[in-house]
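Trainee: One letter stands for each residue in the lines below.
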Amino acid sequence: MGNFFSLYGDRLVTAIWTHFLYVIVSVAIALVIALIFGALLSRRPGWATVILPFISVFQTIPGIVFIGVLFLILGIKPVTVIIALSIYAIFPILKNTYVGLVEVQEQYKEAARGCGMSSIQILFRVEFPLALPSIMSGLRMSTVYTVSWAVLAAMIGLGGLGDFIYSGVSSNNNTLIIAGAIPAAIMAVGFSWLIDGVRKLLIPKQIRRDVK
Amino acid sequence: MKKIISLLLIGLLVISMTACGGKEENNTIVVYDGQFSEMQIIHYMVKLLVEEKTDLTVEIKDEMAPVNLFSELTGGTSDLMNSYDGTLLTTYLHLDPSEVPEDTTLYDFVNEKGREMEGVMLLDKLGINNTYAIAVPQDIADEYSLNTISDLAAVADQLVFGAEHDFFTEEGSAKYNPFVEFYGLEFKEGKQIDINLKYSAVESGNIDVTVVYATDGLNRQAGLKILEDDRQFFPEYNGALLVKEDFFEKYKDSAPNLEEVLAMMANIFTDEDMVNLTYQVDVEGSSVADVSKEYLQEKGLID
Amino acid sequence: MTVDMVTQHLFMVFVSVLFTIAVGVPLGICAYFYPKARRVILLVVEVLQTVPALALLGIIMIIFGAGKVTVITGLLLYSLLPVVQNTYVGLSEVDPAIKEVSRGMGMTRIYSLIHVELPIAVPLIFTGIRIATVTAVGIAVFGAFVGGGGLGSIIYKGIHVQNMSLILSGTMTLMAMAIIFDVVMTLIERYLKRRFSPQ
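Chains as they are written, first to last, in this note's numbering: chain A, 1 to 212; chain B, 1 to 303; chain C, 1 to 199.
Hints were generated in silico from the structure; no laboratory data involved. From the three backbone atoms N, C-alpha and C, an ideal C-beta is built for every residue, glycine too. Possibly wrong hints are sitting among the right ones.
[What the hints assert, rightly or not] Computed far set for chain C versus chain A, every beta-carbon distance over 10 Å:
no., residue
1, 7
2, 113
3, 118
4, 195
[What the hints assert, rightly or not] What follows is a list of derived Cβ distance ranges for each label pair:
no., chain 1, residue 1, chain 2, residue 2, range
5, A, 201, C, 34, 23 to 33 Å
6, B, 297, A, 73, 50 to 60 Å
7, B, 232, A, 73, 36 to 46 Å
8, A, 129, C, 109, 25 to 35 Å
9, B, 294, C, 4, 19 to 29 Å
10, A, 73, C, 180, 26 to 36 Å
11, B, 232, A, 28, 48 to 58 Å
12, B, 158, A, 24, 29 to 39 Å
13, C, 2, B, 232, 37 to 47 Å
14, B, 249, C, 59, 26 to 36 Å
Generate coordinates for the entire structure from the input sequences, incorporating the hints supplied.
Mentor: Now the structure itself:
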């Protein structure tokens with residue numbers, strides 16, 4: 001065990017940090033884009049039935065193909081990885097944002113209109129807060145997925161925990177695989193709890209449904 | 001509700017049917033295919049030879065990653081696979097070329113250890129030495145007058161080196177760190193690239209120097225020049241068929257001449273032959289079946 | 001690319017989605033009913049998500065051997081997160097007032113669950129299933145590493161030999177599959193909504 005750390009310790013720490021950064025940046029970008037588009041689509045449910053399946057389709061492009069094509073255009077730079085990860089991260093958040101907003105019951109919006117709120121005000125002060133659980137669920141899912149997908153960075157030599165996982169898989173070295181997988185799992189769970197904590201902060205106890 | 005249940009039951013039924021396939025019979029040789037054409041070609045040739053000269057059927061099933069192929073073999077669900085002595089040594093037995101005793105060849109050493117540790121053995125060498133080779137694009141070779149790996153020493157700091165993850169592990173003597181130390185090379189950068197992206201990385205100029213396999217037809221497509229291993233750093237990777245120790249025992253009733261038949265494949269290739277074969281499949285798009293058949297016919301081994 | 005590969009791929013995704021629903025929805029319901037179990041269930045499902053696909057399949061292969069069963073099991077485990085999480089959230093977001101009314105009307109927890117809460121949660125649950133299906137189509141390409149067939153082999157081959165048309169034909173087929181699955185899901189969801197709409 002000690003031998004492993006003396007050989008790989010430094011590399012592992014760098015890998016974890018790089019991986020962490022990829023996730024944070026990509027999810028942040030994805031969140032902003034998804035919220036904007038989710039809100040826009042909720043105004044036009046008709047478009048959504050066409051656009052959402054279309055976007056969902058990008059999720060099926062295998063990571064290696066995406067990165068493989070992207071790096072030919074953009075080169076082996078971190079920005080290539082971030083673009084690829086952000087695009088993948090958008091879908092779960094977008095979908096959940098859209099559904100969350102669309103499912104807000106008409107009566108709440110009516111009441112707000114009755115109070116004289118403008119459309120924008122209704123969006124921000126009624127719809128988003130009510131859609132928050134759904135949005136947070138999407139964000140949480142997306143973050144966990146991204147931790148898993150960020151291993152793609154290693155496919156073009158840009159670090160992250162994928163280095164360990166791919167090395168381990170190709171050289172049949174289980175220690176390497178585990179060295180990559182366990183920090184990834186811990187990171188995912190950590191992010192998940194973090195987001196859950198934020199959710200608890202944002203949604204006042206009174207209207208939270210999961211508190212007994 | 002009922003509909004859902006019946007759908008689930010159908011689903012279960014279908015799965016159990018597919019899962020229950022493939023029971024061992026002594027007149028079938030089960031082979032799981034490899035992911036690269038060299039392996040697929042060799043497997044198909046085995047199929048053609050064995051099916052013509054014996055009563056056995058060779059069933060080539062869906063492809064798998066090499067390490068999974070090995071576990072299927074040792075686990076008994078497959079009977080044969082193409083492999084290399086160097087690969088068996090390092091990837092499957094977790095040994096190192098430096099452990100091979102002075103007076104033994106790697107091939108013999110690995111055969112012994114293979115039997116001891118996993119109950120597997122290599123059949124005759126096929127004639128290919130699919131070892132690691134250092135390659136650069138032809139234009140870079142021309143620019144810096146590169147012919148051997150030692151020639152790289154002078155210009156290494158201007159070049160980016162890229163290879164698959166496997167090459168960069170800390171353990172093992174035929175890896176990046178020992179390699180650059182041995183030849184005294186200090187590359188500008190050493191990148192780990194997915195093996196499937198390596199060729200496009202070198203062709204697009206994202207990396208300048210890479211590790212390739214000597215018998216790969218793709219080297220030609222990518223316009224790569226292979227630099228001579230003048231100080232003999234890389235070990236041998238002799239191709240041979242890998243089977244379990246009791247392989248011939250198993251088929252001795254249904255195909256007593258099996259050992260003879262497979263021995264026909266000894267030294268059937270040269271490196272150049274394999275480069276041509278893989279080039280035809282990978283670059284020209286010919287089918288593995290056609291290419292294999294043609295080759296065996298030319299060699300007069302089948303009709 | 002052969003028809004065989006396409007049907008293999010479709011088959012693996014289809015069967016795994018069925019199982020994901022069969023396992024994921026009940027798990028989500030469990031998490032909803034038993035707050036203590038919730039933490040554990042969500043944790044396990046998330047951790048499964050982060051295990052790299054290749055490593056996960058390798059482990060499953062030790063138990064089930066090579067082939068489609070391994071891929072389907074792997075897809076099932078991988079797809080649990082969206083379904084379980086969305087089921088749980090969907091159910092917990094049901095207006096407490098409605099739940100009180102059902103309880104007041106004398107419904108048991110289970111009855112209320114089936115006839116009141118689940119129908120309301122359907123949109124979110126379905127979203128989870130759709131996310132899972134779409135992801136499954138993409139991940140099933142790993143079948144090529146464990147003898148499960150599917151479209152993975154031509155895509156990886158295309159990348160390896162740099163044959164754009166192979167890559168494109170494989171990827172386009174995947175995308176078409178995802179669209180078809182998604183459209184079918186939308187239709188099913190609409191149908192369910194009509195049949196089971198609350199009151």
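Trainee: Next step is simple, just say for each hint if it's right about the structure.
Mentor: Hints versus structure:
Here residue 7 of chain C stays apart from chain A, with its beta-carbon at least about 17 Å from theirs, past the 10 Å limit. Taking the minimum C-beta to C-beta distance to chain A, about 15 Å, the non-interface status of residue 113 of chain C holds against the 10 Å cut. Every CB of chain A lies more than 10 Å from the CB of residue 118 of chain C, the least distance being 15 Å, so the non-interface label holds. Every C-beta of chain A lies more than 10 Å from that of residue 195 of chain C, the closest at about 18 Å, which supports listing it as non-interface.
For residue 201 of chain A and residue 34 of chain C, the Cβ-Cβ distance of about 25 Å falls inside the hinted range of 23 to 33 Å, so the restraint holds. Checked against the hint of 50 to 60 Å, the pair residue 297 of chain B and residue 73 of chain A fails, with Cβ atoms roughly 44 Å apart. Taking the beta carbon of each, residue 232 of chain B and residue 73 of chain A are about 40 Å apart, inside 36 to 46 Å as hinted. Hint check: residue 129 of chain A to residue 109 of chain C, Cβ distance near 29 Å, so the stated range 25 to 35 Å holds.
Range check, residue 294 of chain B to residue 4 of chain C: Cβ separation about 24 Å, and the 19 to 29 Å hint holds. In this structure, residue 73 of chain A and residue 180 of chain C meet the distance hint of 26 to 36 Å, their C-beta atoms being roughly 29 Å apart. About 52 Å separates the C-beta atoms of residue 232 of chain B and residue 28 of chain A, a value consistent with the hinted range of 48 to 58 Å. Hint check: residue 158 of chain B to residue 24 of chain A, Cβ distance near 35 Å, so the stated range 29 to 39 Å holds.
Judged by the Cβ atoms, the range 37 to 47 Å given for residue 2 of chain C and residue 232 of chain B holds: they are separated by roughly 44 Å. Distance hint for residue 249 of chain B and residue 59 of chain C: a CB-CB separation of about 32 Å, consistent with the stated range 26 to 36 Å.
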